Every structure is written in structure tokens, then in C-alpha cells.
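Novice: Each chain, letter by letter, is given below.
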Amino acid sequence: MLVELLILFALVAAGIVFLVPDEYAGQSAAVLSLVPVGVSLWMYSIFDGTGNALLEGSQPAFETITSWVTLGPYAISWHVGLDGVSMPLVVLTTLLTTLAIVSAWTPIDERESQFYGLVLFMQAALIGVFAALDFLLWFVFWEAVLVPMYFLIGVWGGPRRKYAAIKFFVYTNVASLVLFVGFFTLVFGLGDSISTLGLPAIAQALNAGQLGSIGGVSPSTVKLAAFAALFFGFAVKVPVVPFHTWLPDAHVEAPTPVSVLLAGVLLKMGTYALLRFNFTMLADVARANAELIAIFAVVSVIYGALLALAQKDLKRIVAYSSISSMGYVILGLIAFTPHGVGGATFQMVSHGLISGLMFMAVGVMYNETHTRMIGDMSGMADRMPVTAGVFVAAAFGYMGLPLMSGFAAEVLVFMGAFRSTTISAAPLFTGIAMFGIVIVAGYLLRAMQKTLFGPFRLETDYDIGRAPFQDVAPLFVLLALVIALGVAPDLFYTMIQDAVFEVTALGLGGGA
Amino acid sequence: MIPLQTADTLPDWAALAPAVLLAVTALALFLIDSIDPSDESPGLLAGVATLGPVLAMVVTGWYLVAGTGMPRTGGAIELFSGQLVVDGMSLFFTFIFTSVSALITVASYDYLSGRQNQAEYYALVLLAATGMSVMASANSLATAFVALELSSLPSYGLVAYLKNDRGSVEAGLKYFLIGAVSSAVLAYGISLIYASSGVLQLPAIAGVLAAGIDNTGVLGVGILMVAGGFAFKTASVPFHFWAPEAYEGAPAPVSAFLSSASKAAGFVLAFRIFVTAFPLDVVAGTIDWALAFTVLALVTMTVGNFAAATQDKVKRMLAYSSIGHAGYALIGIAVLTGTADQGYALGASMLHLFVYGFMNTGAFLFVALVEYWGVGRTFEDYNGLAKQAPVACVAMTVFLFSLAGLPIGGGALSKWTLLSATASAATLGAWLLAAALIVNSALSLFYYSRVVKAMWLEDPTGDFEVTSYPTGLYAAVVGAAIVTFLLLPAFGVVSGTAFDAAAALF
Chain D
1 MLVELLILFA LVAAGIVFLV PDEYAGQSAA VLSLVPVGVS LWMYSIFDGT GNALLEGSQP
61 AFETITSWVT LGPYAISWHV GLDGVSMPLV VLTTLLTTLA IVSAWTPIDE RESQFYGLVL
121 FMQAALIGVF AALDFLLWFV FWEAVLVPMY FLIGVWGGPR RKYAAIKFFV YTNVASLVLF
181 VGFFTLVFGL GDSISTLGLP AIAQALNAGQ LGSIGGVSPS TVKLAAFAAL FFGFAVKVPV
241 VPFHTWLPDA HVEAPTPVSV LLAGVLLKMG TYALLRFNFT MLADVARANA ELIAIFAVVS
301 VIYGALLALA QKDLKRIVAY SSISSMGYVI LGLIAFTPHG VGGATFQMVS HGLISGLMFM
361 AVGVMYNETH TRMIGDMSGM ADRMPVTAGV FVAAAFGYMG LPLMSGFAAE VLVFMGAFRS
421 TTISAAPLFT GIAMFGIVIV AGYLLRAMQK TLFGPFRLET DYDIGRAPFQ DVAPLFVLLA
481 LVIALGVAPD LFYTMIQDAV FEVTALGLGG GA
Chain W
513 MIPLQTADTL PDWAALAPAV LLAVTALALF LIDSIDPSDE SPGLLAGVAT LGPVLAMVVT
573 GWYLVAGTGM PRTGGAIELF SGQLVVDGMS LFFTFIFTSV SALITVASYD YLSGRQNQAE
633 YYALVLLAAT GMSVMASANS LATAFVALEL SSLPSYGLVA YLKNDRGSVE AGLKYFLIGA
693 VSSAVLAYGI SLIYASSGVL QLPAIAGVLA AGIDNTGVLG VGILMVAGGF AFKTASVPFH
753 FWAPEAYEGA PAPVSAFLSS ASKAAGFVLA FRIFVTAFPL DVVAGTIDWA LAFTVLALVT
813 MTVGNFAAAT QDKVKRMLAY SSIGHAGYAL IGIAVLTGTA DQGYALGASM LHLFVYGFMN
873 TGAFLFVALV EYWGVGRTFE DYNGLAKQAP VACVAMTVFL FSLAGLPIGG GALSKWTLLS
933 ATASAATLGA WLLAAALIVN SALSLFYYSR VVKAMWLEDP TGDFEVTSYP TGLYAAVVGA
993 AIVTFLLLPA FGVVSGTAFD AAAALF
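Chains D and W are the protein sequences, given in the same order.
Going by the working numbering, the first residue of the first sequence is number 1, and it counts up by one from there.
Going by the working numbering, the first residue of the second sequence is number 513, and it counts up by one from there.
Calculated directly from the structure, the hints in this document are not laboratory data.
Among these hints, one or two may not hold up.
[What the hints assert, rightly or not] Listed next, the in silico DSBU-like pairs over lysine-lysine satisfying Cα-Cα at most 30 Å (straight line): (1) D:K167 to W:K965; (2) D:K167 to W:K899; (3) W:K825 to W:K675; (4) W:K899 to W:K675; (5) D:K450 to D:K312; (6) D:K450 to W:K825; (7) D:K312 to D:K167; (8) W:K686 to D:K167; (9) W:K899 to W:K686; (10) D:K162 to D:K312; (11) W:K965 to W:K899; (12) W:K825 to W:K899; (13) W:K686 to W:K675; (14) D:K162 to W:K675; (15) D:K162 to W:K686.
None of these values were measured; they are calculated from a predicted model.
Excised from the complex, chain W in its bound form (with noise of 0.2 Å):
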């Protein structure tokens, strides 16, 4: 392999290339559709919108497997100044938004058959995942504030893009009204933040913050607030109650990426800023955020998981389990104290939420999958599916089992890594969490298998006839349901990178 570093090899801006790739094609995108805007060669759309995610992934896994950014080839790459900084994070993260991109807009071929403004649908799409990644590369609050808006504003137009659908209009509004509210609160931490310790560079917050500052109590508001600004993009208590409504009215592939994408956006940046700008030891007297994530991630995993175990449609199921999962994931950086290994506790998140983005994905486009078809949302709608579709409800059948925890794919394996995580803290608040994550996963495991009742066991009730068989989602459905199987016995394969990933950031 190349050792992508340094100039006489390729110039420092080419870490960029992922994220640059995604723009261009959104860009090309734009292009295409002006010189035709009848939306009438939708597999020339899609094939773009495809093929930029694709490229994407593939020059993120080849810099992963180089180990562009990594310590043994020179530590992280700073662009812009600092304000970007591309490490080993920064990409595995861009690897997850990719791969579900790709997902996405493969799915999305079948789903938007005859549908208007393909082109933007796609572009949006594109643009999204372009401020995702960039999100993971942002190293400032400034800029980490420009990837956020990047990726969120993208995101209100996609949830709404059934233009004539009443639900999918109003999830659009509410997602907007709350996502506006929340980047405000996130702004005014932000300010808060400058205003106590005069920079916005992350490594440089750290610095100041250690030389001793006056005002901490300003300063403790203003982490807080930033933390809310975080839950609100990782769906997370107490700025959850966008999530169900928008992923239930929202055509089904954008769930699949609001639910995936965007939440995994959400948490690295949450990762970056709370470990290198505040660090625990430096801002302990001021505020103990880890207690503060520790108490986020009890309730969000036990909130998501009761709510969803209510539920009666299965996408809004998939919504609430998808806040459950979000409290998972809060752990890696619930549990950063005490005799944590800080590393390996950021890398079990940041592996739940690689296998996460593959299983829910997957479930989200068995809905779409389901929807195209015209069955019902509820539970009883997929009575006897099986019958008709026995391959995409294997598919379905191992995401489920997987996202409840049963070793048919890697989401056994990440959340035994995050219960390992804790107990390597070995904290009261520690203790509590694997607890927590014991029982909700037992919880879960109830209602995921409903679905998984209903598709098997259950005899058909409603008359519907599966005709076709659509080729790009079954593809997305089978391709993720493979990838997650195959985490099971290759996650020895992906869980080195995201510990050595974590552990350069400490």
C-alpha cells in the first residue's frame, strides 16, 4: 500500500477526496438535471447518485487500510489551518455515511419509480452525506456548526419530499421546527463556549481551558447546551421527539438515513468535541459530562425501547428502537471515566454504530421494500409475508435478531463490546449501564421478533399480491443483510481500525 501522507505521495488536501467526491456528484447531479429536468432517464440518476458513494467507500477504505491520518503513518492530517482534520475517526465515520449512502440511493431507484424531482431527491441525498462527512472531519466549532447545518438542512427537505403525502409534510415541519431550535441552542453554546475561553479550535478550547479560565460557570452552560445540540442530531433524550414522526412519515429510504447516517454524524462530533475540546481531567470542576451522558443513555436506551415495545406500526417501531440504539451508543462516552480504557470504550460505540448502520439500514429498506408493494404498516399488514418473499424476509429476519442482539450478525458482537466497555470502568454509573443495556436488549428482543413472528408464522390476513420484485431493493436489502451476517465472523476485521481509530484521538 501507498502511505498516503505526505506530499511526494499524493497532497494533504486528497484526505479530502471522500467528501469532495460526494459534493461533486451532488453537483453533477444539479448539472444533469438542468440539461434534462423531465426526470425521464431516472437509471442515469441513479447510476451518478451511486456511483459517487461508491467511489467514495472505496478511496475511505483504501485510506483506512493505508492508514492515512493513523499514528504509524504520522498522526492526524490537518487542513485548512486546522479547521479539518482527517484521522482515522474522521474515516471510519465517513465509511459508515458512504455505505449507507450508496444503500440509500440504490434502494431509492424502485422506491421513487415515477415519482417528481428525482434529481433533487438524489442531490439532497448527496448533500447530506457531504456535511456528514464533513462533520467528521471538523475540528473547530465553527466548522463542526457549517457541517451540522450542511447535513441537517438537506435532511428537512428529504423527509418532506412526498410533497402531496400529509404525513410526510408535517414530519418534515416538526423535523425543521425542532431541528431549528436545537441548532440555535447548539449556537448559543457555541458562543458560550468563545466567550469563556476566547477560541474555537478544539485543540486549542483544550488548551485554554487548562491554563485556567475565570468564568466556568458560563463555560459549564455552554458544554451543556453544545451536549443538547448533539441530542437532538443522534435522536437522543431530550431532543428525541422529532425522531418517530419524522422517520414514520418520511419515505422510507430517507428513515433508512436520518436513522443510520445521520445519527452516527451526530455522534462523531459529539466524540471529537467532548474528547479533545474537554477533556475529562481538564473540565472536571466545571462540569462531570460524563455523568451527564451516563444519565442521557439510561434514559434514552430505556425511553426508546419501552416506547417502541408499544408501538403498533412497524416503522415506528423501528423509529423508537432506533432512540433505544442511540442510548447504546452513548455509553462509549458515558463510561470515559474512572479506570476506563478510554479507547477501547470510544471504539465499542463507534463499532455499534458500523454494524448499526448496515442492520438498520436494512430494516428501514425492508419497509421501503414493503411499502412498495403497497402492504400495510402494522404489525398485522406483514402477516404471512414470507409466504410470498422467503429471501428479503431472511433478510429482515437477520437484521432483527441482530438489532435485538442474537448472534445472526455483528450487532451481537458490538453490543458484547460495549458490556466489555463498561466493565472495564468498573463505576457504579458503569455497572448501572450494562445493566441497562442487558435488560433493554432482552426487552427489545420482544418486539423485534413480533415482526419476525408476524412475517413467519402468521397466515396472511390482507389479499395482497406481491407481483414484482424490485431489482435495486432487494439489492440494498440483501446486500446489507449479507454485510451484517458476514460482521459476525469478519469483526475481528473492522474492530482493530476503530480501536486504533479511538485510541489516537486520547
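Just chain D, with the same shape it has in the complex (with noise of 0.2 Å):
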């Protein structure tokens, strides 16, 4: 019941603060996003979990089923329930959502409870993607999240936001449209084989290879043509080069604490997605494309890091280094080894903080001095020691300074990676994807240099002084996270391995 009611908690909240007038509505949706919050970090404390939730002996913990619809011969169930995939992503949804209502505090000036209204509207659509384990639920969920976001960059977002929202939101639908279609290829494909659309019985009927032709066609073509659809879905959305077009519009025009949501938690559905379906349902057709899909996750970890290094604007140099953190993670899932799958879900959960760091860093600086632009500041560090601080903290964390989460992750990933027998090459692939921390190292070591250190000098007429307290706080916050599991991966990395370690084990020989 405890996800049902985390999310219908939020769905209530997100109701009471569209109603509350615009001058408390920034409190109370602070407030009120605090039991999410709690009551997620409860439930990790409580989580009882085994395995995957997709295969089979698994046992996911808070698990219902309950009757919803029935679709000809298929029952869909509202069914939810956690692992140890989806229960960090949960906790991280909550945090980040919190933090980030706290930090639009300041930027955020107008229909402000319209904007509070829809980013707590968009967390229990967020909570949902995470738990749903049916598919017409999880589709439902995953839908639901591109409506709020869809507002809220083109309500609050900065002078181009229009044009940005209306990208956002296309791309992203034919996406949904395409990984539609797929799935249902793979559904029809099953035929009476399976009686529900749950995910599991999905992706043990598909395991166990029961998929027919459909029309002629054979299974393996069909079962092709669904994985490249679906991947293709979850490639935009990731985003993996060359689908990765709508993030540098959407990241720039979006209002920072939006950005922190977007490079945070959005960025991870997709990953989440490929995770749950290509990378488990369709595990033998993966490893039969590993050395393509690595070489998309090496050009993106590199051309991401490359786009970023010829950036001028700070927030454009942070969210074209998410498309190369999110290139590891794809790197992670291929190799198909129990690090690396379990790496790349940890540093999911891991650049969900960092990158929420480097936003709010970079919006606490744009919140005094009105731009974003490296070469309109020098010596920040002299006027706003504090967000100075932190930002270089960050900076090193994305790096992968050790005993900071982004190190753990990357470290899993790499050694992974390098082990994978799935790829050919594996350590040539690892090799050149490492290379990228050098690019990552080279453009904010060059960001910071040119904007916190040196000369005090500001293009602006604002006049700045130190940020208010309502705006360091969450970065503080997210800081000890990002270090806390840099110390103790284990916090969540645990759990992690126990529900990833039956997925390196899949598409050996077995299936159609």
C-alpha cells in the first residue's frame, strides 16, 4: 500500500497547491513534499526485496495487484512494486523533487502555485514509471510525466521556451509512439502465451522463448524489429547521440530547478526503460548487437563530452555532460557483467545527484548575477565563497574525485566494462569511454578557472553579494548525499547487485 499511497499523496498535494494563493504556495508545496520524502526513506529502510522484479523466484517488495482494466484477452492489473532497481531511483525522485521546490524559491516569481502545483503532479507520475510493473500502467505513468514538464518549460522557462517545449514534447511523443508500437509487436508476437501485460510475465514468456511469428515473419526478425523500436524510444529519452537534440534547448530554456529535474530524474526513465525491457526482456537480442550499442554508448560518452567543451554557457556545458554520463551508464548495461549492470544503475542514481548539483550550483550563481555566460564573469569565488565551493565540489564529484559517488559509479562501470565477454573488444571500448573523464576533466576545470578564480569581473549590472541561505541549503543537502554514497555505496549498491545479478545471466544461449 505504500506506493499507492506516495503517489496518491503526491497526486493530493499537487491539488492543494494549485488551489493555495501564490504567496504560499512555494512553503507548502516544500512542506508537503516532505512526507514523499519520508515515507520513501522509510521504505527503503523497511525494503524487503529479492532479485529482479521482471524474473522469476524474484519478490518485490511492496508488490499489489490489483484489477483494472480488461483489454480483450489480456488483464491489466494496476500493479506496482519495488526492487532493488527501482527502489533508489524512488528515493532519488523524492529528494530531488524537494530540493528542487526549494530552490525555485527564488527564481521562480509568477503563477507560483501553478508551477508547485505541476512539479508535484509530475513526481507521482515520476514514482509511478519506477513502480509499475504492468505495462499499460507503466505507459500510463510514463505519458503522465511529459505533461507537467511540457508546462512547465514553456511557462517558466527563459526566452526561447516555446520553441523548446514544443521540441521537448514532440520528441519525446513519437518516442512514446514508437515504443508502443514495439511492444506490441512482442505482444502479439506472444499470443496466448501470456494473459496479462504485467512486465514479469512478459519478460519470462519472452525469456523462455515463446515468442511466434506474426504475418510470416519470424520470430527473431520480429523480435529485432521491437528491440530497435523500443530501443529507439528509450534512446531519445536518455538521450544517446544522434536522439539527442531536444536536451541542450530544453536544459537551457527550462528554469533551473526544472533542469535539476530533467538532468536528475527524466534522463533516468530512459535508461531505467532499457534496462527493464531491451537489456532483460530481449537480453539474446542485446548481446547480439553489443558491439553497436557500445559503439553508441562510446560516441555519445565522447561527442557529449566534446559538444560540452565547446560551450560557452555554463548550464549548456552541464547538460551536454549528462549525455555523456548517460553514455557510461549504456557502456554499463551492454557489457552484461554484474558491475556493470550494476555500476550503470548506480550511476544512475549517482549523476541524478551530481547533475542536480551542478544546476542548482550553476542557478544559484545565475540568481545574482543574471547570466550564465563564462566569459561575462571572472572570480566569483572573491564575491560568493560558499556556491564557489560547492560548484568546484560538484565539479570534481562529476570528475570522479574518489569517495564521491560519481567515482563509485564510474569505477563499477569501468571495471564492468572491461570484463565484458558480451562485447568483442571490451577493454578497446572501455578504453576509449575512459578517455572521456580526460574531456569531462578539461572543459569544467577550464569553466571553473575561467568564472570562480582570478580577477573579479562581472558583465551584468546586477549587484551581487552572497546567495540567500533558502539557496546554498539544498546544495548542501544533495553535497553530503554525493559523498555519503561515495563513502558507502553499499547504501544502495547492495540491494542494486541483488536485483541486477539475474539480468548478466540472461541471452546465454537460451530464447528463440
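Two independent chains are provided; combine them into the complex using the hints.
Specialist: Here it is, written out as C-alpha cells:
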């Protein structure tokens, strides 16, 4: 019942905040959003799930199944539950939502109750995406995330917000449509061997090789086509180069708190779905095309980093570096080794925290200086020492400084990918991807040197001082979490390992 | 629940209570009007006009829950020597008509304020609703024709209700002329069917045809002409020309009424006549009407959606989108071939019309609200509305995204149901229909989101000021939005009834 409670509470909170007068909206949203944080942390503390929720012999925590609709031969249920992959992501979602709400107090100054209402609505949908274990239920939440995001970018964004919002909406909706068609190809191919659209049932039927042919097309071709459709659908969301072009526009135009959620949680929907669908349900196809996917991953890492290197806008730098970081996740997933997949999942959480931290730090500086251009400022550490300090810490987290979560995640991914037997020439791919770290260090150090250090200079007319407490406090919470996960990755990594271990054995010989 | 079936509980004619309630309310309104002809108590008129449909809706809901006319309580109730029949499908559709009528009358209270002839307006709405509810029960071609005219004639008057408005009168005339022509086509088709079979009652026609007749050519032409008559009522290609003008010129609540309830009424008649009187296996040698409906569905949804995408007025866009939705609803009858689970396919269409009844009515009523405020009609005129009326705009957003098939309301689920119905048929035509449904839904998101974009993202261009928040219109719009949203989690409650009702027909 706890998952339902989380979702329902977030929905009700969204409704309440929507109707609260603007003056109190920010505060009431923050207070209300503390409840999901508390509940999700409590759920984490009593988490008792075992195995991967999609595979046989598992026992997801907080599982409920209630009949919802019957569509022809398929029973559609309200089926939710958390395993070691989704639990950390739910905690990440609730924490980042609260922090994003607090960080929005300063920059958001019009139509506030609508803003906070939409953020809470999106939180409900995001929790649903990570918890749903039935395809249609999952798809409902997946689509429901898009709607508030469209408004959050389109109404409160920067000068080109309408263009960015439409672009985001069109890209992700086309992707959703393709993945929907791809998935239903699989469902029709499975025919009578499934009677529900539950993800576990479908995953197990596919792995047992029960896919039949459709209209004379052989099962292996059907599988490949479905895999391609799903991969495309999720790759847009992640995003993987070359489907990434919506991301910089969305990030640059979105207000900072929205960027935090976009980079921190929404991108993880893509990698989470890749893990659940492409790499768990269709593991054999993934393995057969491992090199191709690894090329996508490595290109994302290197090309994303190079793009970041070329930017002059701090927010664009962070946005492009997300593409690079998501490349590591894909590389870890396709490695099909325990540390590869586990590290990739850990990287989802870690990147959520670190990129959230980076965006917030950039946002705090922007609140004071009203510019994000590297060339417009220097020596900010002189006037905003605390913020500058956090920014440096976050950058080092991004570069993978030991004892921060980025280090743990990337080391695990590289260890896993290096040993991969699925990708031929795995060390080569891993080596190239590791070079991405060097570029990351390059552009982050350059950005810091130019903006934070040296003599103070600012090209805008704003008188800057120290950032207000409410802006800085979320930074420290996030920084503490980043360090905590770096020092003790086992806080999440144990449950992740338990949930992904069986995935790495999938697709070897079995299947159609 | 009392099994409302046999003489020892309630008499059989009680099954027609919803239609009787609607007709009595209409007569009561005429009575009130003749006592107090000056329209000085609009509250009383609107109250009575709302009470009737609400009571009828409650009774219908009760019958549906109790299973009146369903196989589990003894099957369909035949009345007047089988001229009318009350079963799950007729009650299901009556529920749509009564709930849409209730929304319309509530909303009209504000929309009509200060206008003449209010009693006549409400009475016409209720008479049309009576006609629709009889259409849902019609079990012979004669009663079908009479019921269709009973629902059409008041509609012509309603469209032209704004007597001093050029657009309204023109729309009414156009609607009347095309309506008269298609009625003639329908009547001629009925006469040809009678000529070849010698009976009018639907099950009897099927019986005669099964025994074999000589002049199958005449019969085939007759069936096609009957299909044409329904194309008019449901605003499907090729008799859809009237719809954009009529919906745009008519008062917005009337547009809502016509595009939701009247369309559903056309569908229920088509479902019953084609399934009961012309079973495919019997008439297959004469005419393959499933193929005809497949073509009609494909063309209708594509024409509707492509035309909607090029409009610059919101109401006209909704009018074309309503043609597109008629195309979606036709899928249910177009895939009744091959391996299709027939009850499931027909049930899917019924469900889509059910959800559509709420979301489309809501969208048109939002347009009525905007007209009430005196804001213009184009997309640009809607710019920045959300700043002044956020609650109504949330409701409109729910309607539009649900119409497009995003899972913000029940519209997504009913489209998925239609999609899975095509999949169960697994013929070439069904796959084409599925592809067209997906492509058209994707296209529709483009033009629906233009309204959303205007309301929320754009800055106001006109200098309008929303000064009042009319209670009736708001209640109807917000109520419809809540139902549309709740149909997402509670879809299973309705879908079971729809599938049972549809399956009982075969």
C-alpha cells in the first residue's frame, strides 16, 4: 500500500498547491513534499525485496496487484512493486523533488501555485514510472510525465521556451509512439502464452522463447524489430547521440529547478526502461548487437563531452555532460557483467544527484549575476565563496574524485565493461570511454578557472552578494548525499547488485 | 438490487422509464412556458430541464447495475410487439445521452442568460434526447426512422436558435437541408429493404434473408442507402459536410450536444441494425458491409484529422476532430469480420463513444464558456487564458489531451481498446485501421496541443478581462473534466458493462 500512498499523496498535494494562493505556494509545496521523502526513506529502511522484479523467483517489495481493466484477452492490473533497481530511483525522485522545490523559491516569481502543483504532479507520475510492473500502467505514467514537463519548460522557461517545450514534447511523444508499437509487436507475437500485460509475465515468456511469428515474419525478426523500436524510444529519452538534440534546448530554456528534475530524474526514465525492456526482456538481441550498442554508448560519451567542451554557457556545459554520463550507463548495461549493470544503475542515482547539484549551483550563480556565460564573469569565488566551493566540489564529483559517488559509479562501470565477454574488444571500448573522463576534467576545470577564480569581473549590471540561505541549503544536502554514497556505495549498491545479478545471465543460449 | 425484469417486480414498460422521463420533462417545460411565457424565471426552467435528464440518468444507471435486459436477468425486454427493445446496449447509450443532456442543460443556464425563448430551447434539447433514447431501443426500421426524425427535427431548431445571428441561421438551414436529403435517402433505403424482404422488424429481416430471397441487388442498394443515412447522423464521410458549419454556427452547448449525444445515437442505431438485421454471414453474398465501413472509417478519420489540423478557429477544429472521432468509433463495426471477437470490438466502440461523450462535451462547453466571456474564436484569441481562469483551463487541457489519447483521461484507454480490437481481427483491413488510428492520433496531438499552448504558454494578445465565473458553465466543465479523468482509473467499471451489452447482441 505504500507505493499507492506515495503516488496518491503527491497527486493530492499537487491539487492542494494548485489552489493555494501564490504567496504560500512555495512553502506549502516544500512542506507537503517532505511527506513522500519521509515515506520513501522509511520504505528504503524496511525494504525486503529480493531479486529482479521482472524475473522468476523474485519478490518485489511493497507489491500490490489489483485488477484494473480487461482488454480482450489481456487482464490489465494495477501492479506496482519495487526491487533493488527501482527503490533507489524512487528515493532519488522524492529527494530531488523537495530540493528542486526549495531551490525554486528564489527564481520562480509568477504563477507560483501552478508551478509547484505541476512539479508535484510530475513527482507522482515519476514514482509511478519506477514502480509500475504492468505495461499499460507503466505507459500511463510514462506519458503523464511529459505533460507537466511541457508546461514547466513552456511557461516558466527562458526566452526561447516555447520552441524548446514543443521540441521536447514532439521528440518524446514520437519516441513514445514508436516504443508503444514496438512493445505491442512483442505482445502479439507472444499470442496465447501471456494472459496479462504484466512486465514480469512478458519478460519471462520472452526469455522462455515463446515468441511466435506474426504474419509470416519469423520470431527473430520480430524480436529484432521490436528491440530497435524500443531502443529508439528510450534512446531519445536518455538521450543517446544522435537523438539528443532536444536536450540542450530543453535544459537551457528550462528554469533551473526544472533542469534539476529533468537531468536528475527524467533522463533516468530512459536508462531505467532500457534496463527493464531491452536488456532484461530482449537480452539475447542485446547481446547479439552488443558492439553496435557499445558504439552508441562510446560515441555518446566522447561526442557529448566534446560538445560540452565547445560551449560558453555554463548550463549548456552541464546539459551536454549529461549526455556523456548517460553514455557510461549504456556501456555498463551492455557489458552484461554484474558490476557493469550494477554500476550503470548506481550511476543513474549518482548522476541524478551530481547533475542536480551542478544545475543548482549554476542556478544560484545565475540568480545573483543574471548571466550564465563564461565570458561574462570571473572571480566569482571572491563574492560567492560558498557557492563557488560547492560548484568546485560538484565538478570534482563529476570528474570522479574518489570518495564521491561519481567515482564509485564510474569505477564499477569500467570494471564491469572491461571484463565484459559480451562485447568483443571490450577493453578497447572501455579504454575509449575512459578517455571521456579526461575531456570532462578539461571542460570543467576550464569553466571553473574562468568563472570562479582570477580577479572579480562581471559584465552585468547586478550587484551581487552572497546567495540567500534557502538557495544554498539544498546544495549542501545534495553534496552530503554525493559524499555519503561515495564513502558507502553499499547504501544502494547491495540492493542493486541483488536485483541485477540475474539480468547478467540472460540471453545466453536461451530464447528463440 | 431488485432484478428489474418481470411482472412481479415492475411492469415491462418501466424499462422505458428513461425515455418517458425525458419526454415528460419536455412537456412540463411547455406547461411552465404557457403559464409564464415571459422567461422571467430561467432558474426554474434550467432546474426542471436538468432534473429530468438527471433522474433519467439515475434510473438508467440503476437498470445497468441491476442488469435489466441483460442475459443474466433473462435477456432483452421486447415492448410493443417487438417494435422497441430494451437491452444492455440501449441502456448503455441512454446513459450517455442523459448524462450529456444534463451537462448541456446545466451549462445552458448561464449561456442563455438574457436570451429569448429559453423554455423552447430546453424543451427541444429534451425532445431530441427522448428521440435518441428511443433510437437506442428501436428494433424495427419504422421505429428507427421515427426516432431518428424525433431527434433530428428539434436539433435543426436548436442549431438556428440564435435567430439574429447570421451564422447560426445559415448553419441551421444547411443542417436542415442535408438532414432532409439524408432522411430521404434513409427512407428510400428502408423501402428497398422492405421491398426485398417484406418485413420491417430487425430480427425478422435477418430471418427472411437467412431463408434466401430473390432480388438481392435491391437489398444491397437498400443496405448501402441505410448506411448513408447513418453517415449523416454520425457526421461520417460522405455526409459530413454539414458538421463543421452546424457546429460552428450553433450555440456552443448545442454543438456539444450534437457532436456527442447525437453522434452516439447514430452509432447505436447503426450497430443494432447492421448486427441484428444484416448479420455478415447472411448478407455476405449480397454486400460486404464490413468492407464498406472499413473504407468509411479510414476516410472519415483521415479527412477529419487532416482538416482539423488546418483550422484557425477552435470551435471549427473541434468540429473536424469530432468527424475524426466518428472514424475511430466506426472501427468497432468495421472489424466485425474474420477472427474478431465481435462483442469485444463493438464494446470498444461503445466505450470510445462513452468517454467521448464526456471529453468532447466538456471541450465544447469550454468553448461556450469562452464565448460567454466574449473572447474571440481563433487560437490566438485564447492566448493567455490560463492566467485568468486556471481551473477551467486545467479542465480543457484534460479534455484535449484525453481526446488526443494521452493518458490524462479515459480517452487513452478507449483508444487502446479499439486498437486491441483491430488486433484481434487480424485482417489486412484491421491492420490498416490500426495504423490509421495510430497515425491520426499522433497528428491530432499536434492540433489539440495548439490550444493548450495558446492557453498556457502564450502571453495574452487581446485586452479581455474575465470578470465573472458563471456557476453553471463552470460546474458542467469541471464536472465533465473530473469524469474524464476518473474514467482512467475507473475504466474497468464501465468496460465490463459495455462488453457484456455488446456481446448480448450477437
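Novice: Against this structure, judge whether each hint is valid.
Specialist: Now for the hints, and whether the structure bears them out:
1. Proposed proximity of D:K167 and W:K965 is supported: the alpha carbons are some 13 Å apart, at most 30 Å.
2. Simply put, D:K167 and W:K899 have alpha-carbon atoms about 23 Å apart, close enough for the 30 Å limit, and the pair holds.
3. For the hint pairing W:K825 with W:K675, the CA-to-CA distance comes to about 22 Å; that is within 30 Å, so the pair holds.
4. Proximity of W:K899 to W:K675 is assessed by CA-CA distance (about 34 Å); at most 30 Å being required, the pair is judged violated.
5. Between D:K450 and D:K312 the alpha-carbon distance is near 11 Å, which keeps this suggested pair within the 30 Å criterion.
6. Between the alpha carbons of D:K450 and W:K825 the distance comes to roughly 52 Å, so the proposed pair goes past 30 Å and is violated.
7. Taking the CA atoms of D:K312 and D:K167, the gap is about 22 Å. The hint holds against a cut of 30 Å.
8. Taking the CA atoms of W:K686 and D:K167, the gap is near 41 Å; set against the 30 Å cutoff, the hint is violated.
9. Taking the CA atoms of W:K899 and W:K686, the gap is near 38 Å; set against the 30 Å cutoff, the hint is violated.
10. Simply put, D:K162 and D:K312 have alpha-carbon atoms about 22 Å apart, close enough for the 30 Å limit, and the pair holds.
11. For the suggested pair W:K965 and W:K899, the alpha carbons sit about 13 Å apart, so the restraint of at most 30 Å is met.
12. A hinted pair counts as satisfied when its Cα atoms are at most 30 Å apart, and W:K825 with W:K899 qualifies at roughly 21 Å.
13. About 15 Å separates the Cα atoms of W:K686 and W:K675, which keeps this hinted pair within 30 Å; it holds.
14. Annotation: proposed proximity of D:K162 to W:K675 is violated, straight-line Cα distance about 42 Å (limit 30 Å).
15. Note on D:K162 and W:K686: the hinted pairing is violated, with a Cα-Cα distance of about 40 Å set against a maximum of 30 Å.
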